[in-house]
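*Asks:* On the provided structure of chain A, position chains B, C and D as indicated by the hints.
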Amino acid sequence: MKPFFKYFTDIFHAVTSLLTGMKVTGRYFFSPGEIVTQQYPENRDTLKMFDRFKGEVIMVHNAQNQHRCTGCGICETNCPNGSIEVIQDKTETPDGKKKRILGKYVYHLGMCTFCGLCIKSCPSNALAWGQEFEHAVFDRSKLTKILNQPGSSIIKDIIE
Amino acid sequence: MKEVVNLPVKNIEEEEYHINMGPQHPSTHGVLRLVVSLQGEIVKSLKPHCGYIHRGIEKMCEKDTYPQIIHLTDRMDYLSAHINNHAVCLLVEKALEVDVPERVKYIRTIIDELNRIASHQLWWCSFGMDMGGLTCFFYGLRDREKILDIFEESFGSRLLHSYYTPGGLMMDIHPNFQKGVKAFIHYFRKKIKDYDDILTGNIIMQERTKGIGVLSREDAISYGVTGPSGRASGFSCDVRKRHPYALYDKVDFNEILGTEGDTFTRYMMRMYEMRESMNIIEQLIDNIPPGDTSAKMKAVIKLPAGEYYQRVEAARGELGVYVVSDGNKTPYRVKFRSPNFSNLSALDHISRGVKIADLVAIGGSLDYVIPDIDR
Amino acid sequence: MNFSIYDFTSFNQWTDTFLREHLGPFWAVAVEMVIIGLAILLFYALVGLFLVYAERKVCAFMQNRVGPNRVGPYGFFQTIADFIKLMLKELITIKNADQFLFNLAPFIVIIASFMAIAAIPFAKGLHAIDFDIGVLYVIAVSSLGVVGILLAGWSSNNKYSLIGAMRSGAQIVSYELSVGLSLLTIIILAGTMQFSAIVEGQANGWFIFKGHIPAFLAFVLFLISSTAETNRGPFDLAEAESELTAGFHTEYSGIKFAFFFLAEYMNMFIVASIAATVFLGGWMPFHVGGWAGFNHIMDFIPPFLWYIGKTFFVIWIMMWFKWTFPRLRIDQLLTLEWKYLLPINLVNILLMAFIVLMGWHF
Amino acid sequence: MLELVPDAEFQENKQFLTCIIPPAKLHALAVRLAGDADLAFDFLFCLSGVDMIQYIEVVYHLESTAHRHQAVLKVRVFDRDHGAVDTVCDIWRTAEFHEREIYDLLGIRFTNHPDLRRIFLEEEWIGHPLRKDYADEINIVER
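Protein chains in written order, with this note's numbering: chain A, 349 to 508; chain B, 1156 to 1530; chain C, 123 to 484; chain D, 2 to 144.
Bound conformation, chain A alone (with noise of 0.2 Å):
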């Protein structure tokens, strides 16, 4: 007699079980509330990014078009991709001496593992992350940026 009836509660336990799942799902098809789908294109005016987002490696840049970096190339050295490349420039001061400057900071997106040494190594803070995440393009080499912007200088209290 006992197979009997452990034929019909299991029947009766499956069936139990099965619809706990059922009304789970069930519960959720009711309540649109809890939709967690974030429709991107059209929510981009009120998508922001946390202000840590690590979207790209930017050079920061105040009013007067001025950065702070040096280019001593330590970023460089410790960019574990090859991702950077600082190419230095020489001007002259005033009083006559060369001087170590930057000409032109050569950043490959397309290489960039986003580890953060360079930023965190740069003894001025010259380098910041970006919240930028659209890097999406059709030529690989868009993603070859130059960071310092055109015809920018050195805040000048920066010393070495």
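No lab work stands behind these hints, which were simulated from the structure alone.
Treat the hints with care, since some could be wrong.
Unchecked claim - Okay, derived cross-link-like pairs now, DSS-like style, lysine-lysine, Cα gap no bigger than 30 Å in a straight line:
(1) A:Lys-396 - B:Lys-1199
(2) B:Lys-1396 - B:Lys-1346
(3) B:Lys-1484 - A:Lys-452
(4) B:Lys-1348 - C:Lys-179
(5) B:Lys-1199 - C:Lys-461
*Replies:* Chains B, C and D only, in chain A's frame:
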């Protein structure tokens, strides 16, 4: 006219049927190729072929300095990136005999456990999908998103954080971190009931997993199956208990051991572990002491010549880092003992004689991450 | 001439006499067949497209998503866009595949589901053919589809496809029994196999209420076994995507794949309409004994809408199954049929026969 | 251990008891280490190969799950082209994959291994990438 070929008469009963599962297959969770010999629906044997995403991380490490290695470890088991980072950081700290501040230990422990929960959530949803319950996939991802948002707010990225550095942390946690974690735990304690309702208790799921893919304790040790999969077989392999690091010797948590060693026990281990991780976080989250976020480290880190080994408990098992240093700023040789690599080696053993559908379930319960196997 | 949306019989007779007067009997029948064929084709396409959309929306809501919402309002034209895309896609020819069978298979599948639609009464007088063995005809025709699936799996020259097709064969052969037996339970109650008569028999109450517990049990059994027969989750072993990539239609592309896809949804529609017709009163409105006012209001809703509403309710339940449960294993699938569904069904028939014999039903 | 392998050489290591043994004695010692009730090293948690230029070292990290002690065995192979070590995958099954990995990346053969094929790289690959003298102009960029 087609040519009539007289095929040699074979005994059909004995003939095996080989199928290639992968490299592109929905249930291999990446590019793993399993050559499965079938007899009807029954798996006779299988041969894993890995290496489709072998990137030579160990070779690359030989060229990089210690802080640079960190970001490579992210890319091994990308689902427990923080824990991988932790292994290298601990190794460097041990070699240099640096004491990291208490605050760093607290934060690292909390984040490791968060990472473990996130990893198990992704495992849960992909396991559900392997079983054919597609809805699980979205519930798991929905809840994992909450952790990733916390990560993104504090560390700037969602998956590959590179947050730990030798000696400390890249930066301090975000002021909202504690609030966010507490809100998440409150949220997830409710939502984990959905997991149980929809999959754990489900009769179909139980019937499909109980008694399938049994791995005995001896085999688990012999195959080096660690993590939740090893503990399901009763192999007490939790590195957090055996060789405590960070704060694991101070917090109160249980190492849950299974006895059956089947797919269902492996499943339950991870479900328990998610709850256990939440307990650990709750013990620590309110007590993070103030202090520095990094110990004093030299600008160029050079390990004294010698050999170092550090083990941590990653989400999928024991992760070991073996470094041979010759005193330079780059390691001489780095070897990662990745948990999935050893776990995969047991797949052939435990999936003999099961059906294809079970093979998928077993694979899901071993929870392999292919980049970690290939490295 | 008194046309109404409640009764199509007079409309049909009027059309028939009109055509016969003007064209003669042979051409009248030919024109009628063409009209019916086109109507069903159009209906088929519309329902198929809508069901795909409905499935995606239902599963999205169950999964906390919004589902398709880009093409048209609420993504309503998404499936049309998908269909156009599938039509324009390249038909990949498989090397070493049996080309003839490979091309034939999708047509068999779709024709089988097409034929089954003919016997279903959508409203009073609105059906293509009213057989006196309608139920038998539908069961017979709807199981033809498995031939197409087997052919598709065999001719693709793909191991996954073959495994999927063989699973499907085993599955449909065994679940056909349960479908038949659970319908038989109601046929005992109705005393006829003619669909129109079955529906008429439910004028004073749906069979699911009239037949006490056995009828309800038969409804549940029919739901389970018909879900299995249409190869839908949790019984979608033939195309189990996590095991067999896409099962029997792995190698199909473009419009041939669309045929399989449409046929799957149409099969679901057909079994749902049978469930609605046999168990839930077909196009009969919902009446509660004694509530004359309520019943009067219910009569105002056109029977066609009643029928569609019931059908979609059954379809929704089947979608609910699919998006909740994990998939069964092949041996469990057969265990479920032979150890549980079949014995219960047999006992159920006995019970029903007893009830009918004693006249205990309403 | 000394009585079993008299020519074993112990190495200074802060973390583990390290012992360098000749390749010929490895298998016998491994059987003993795994089988002996007092030692019971049943868990091979890491198996790695290191190219030391003069020789290639195979490192076995062992742990006993019962007694919680750990030890390291090292085998030095001096023959770079045809160097071979006895397999231990009959004792610790996990070694099967790890030995294939070492064979693949460092080129040490393991005798009696049931299925010694390359594990990550394709069969046609020339060279063993983790060796220090491995050169690949295309894929390895020196900085």
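*Asks:* Against this structure, judge whether each hint is valid.
*Replies:* Each hint tested on the structure:
1. Distance hint between A:Lys-396 and B:Lys-1199 is unfulfilled; the C-alpha atoms sit about 54 Å from each other, more than 30 Å.
2. Between B:Lys-1396 and B:Lys-1346, the direct Cα distance comes to roughly 28 Å. Compliance with the 30 Å bound is thereby established for this hinted pair.
3. Restraint check for B:Lys-1484 and A:Lys-452: satisfied, since their Cα atoms lie roughly 29 Å apart, inside the 30 Å limit.
4. With a C-alpha separation of about 25 Å, the suggested pair B:Lys-1348 and C:Lys-179 falls inside the 30 Å cut-off, and the hint holds.
5. Proximity of B:Lys-1199 to C:Lys-461 is assessed by CA-CA distance (about 28 Å); at most 30 Å being required, the pair is judged to hold.
Checked against the numbered hints above, the structure violates only hint 1.
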